[in-house]
Amino acid sequence: MDKEMYTHMSCNSDPSLIIDRGIALHKMIRLITHALGGEAYLNFIGNEFGHPEWLDFPRAGNNSSYWHARRQWNLVDDENLRYKYLIRFDAAMNVTEERVKWLCSDPAYVSCKHEGDKVIVFERAGLLFVFNFHGHQSFTDYRVGVETPGSYKVILDSDSSHFGGFNRLDPSTAYETYPEPWNNRRHSIKLYLPTRTGLILSNNPVEPIYP
5 MDKEMYTHMS CNSDPSLIID RGIALHKMIR LITHALGGEA YLNFIGNEFG
55 HPEWLDFPRA GNNSSYWHAR RQWNLVDDEN LRYKYLIRFD AAMNVTEERV
105 KWLCSDPAYV SCKHEGDKVI VFERAGLLFV FNFHGHQSFT DYRVGVETPG
155 SYKVILDSDS SHFGGFNRLD PSTAYETYPE PWNNRRHSIK LYLPTRTGLI
205 LSNNPVEPIY P
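Take 5 as the starting number for the sequence shown in our numbering and just add one per residue.
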């Protein structure tokens, strides 16, 4: 987000494509790291909310100032700033993991890594994870493979307005599988994949993390 994090993270500021992109990718990167990682999730050293763009430790040239050598932990508590969306998503992501326990489950099975579409699909802990990293292309009826048949619902959506997104998906929608193999999985499902969105879907009754 570069220098625009200093001028466009206010909820009252003019819309910024750079900030929108940064927030969307920030959430997606955290989720895919969490879901594809090992048995734990460690979040520190430069990944804090409000980490300054650059560091300038106290020295004679800046009058021994700590202004650019600090972490502003208070940013997430300010309801007028968009950092609140990032902490909400982080909390929802961790609550979801606590409910389904993917960190202590078997490693994920990655069924799709489509370079052209910028789409990644994998299954872990009985959940379906779908990411569309494309910068400007959303996909309608995008077919992805899934091993377990059933009716799937979104239980975590990085594009929810509660997390600073654009609400392009209806969380009440049920997606039915087809008995058609796809990407080495025994069944398939068709989804709407908005650009720069990460989704977790489940065919079990898991309560979605929404306000």
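It is worth saying that the hints were derived from the structure and are not from the lab. A few of these clues could be false.
[As the list claims (entries may be wrong)] Simulated crosslink set (BS3-like; lysine-lysine; CA at most 27 Å straight-line):
1) Lys7 / Lys105
2) Lys88 / Lys117
3) Lys88 / Lys157
4) Lys194 / Lys88
5) Lys117 / Lys194
6) Lys117 / Lys7
7) Lys105 / Lys88
Would you list, in rising numerical order, the hints stated earlier that this structure does not obey? 1, 2, 4, 6
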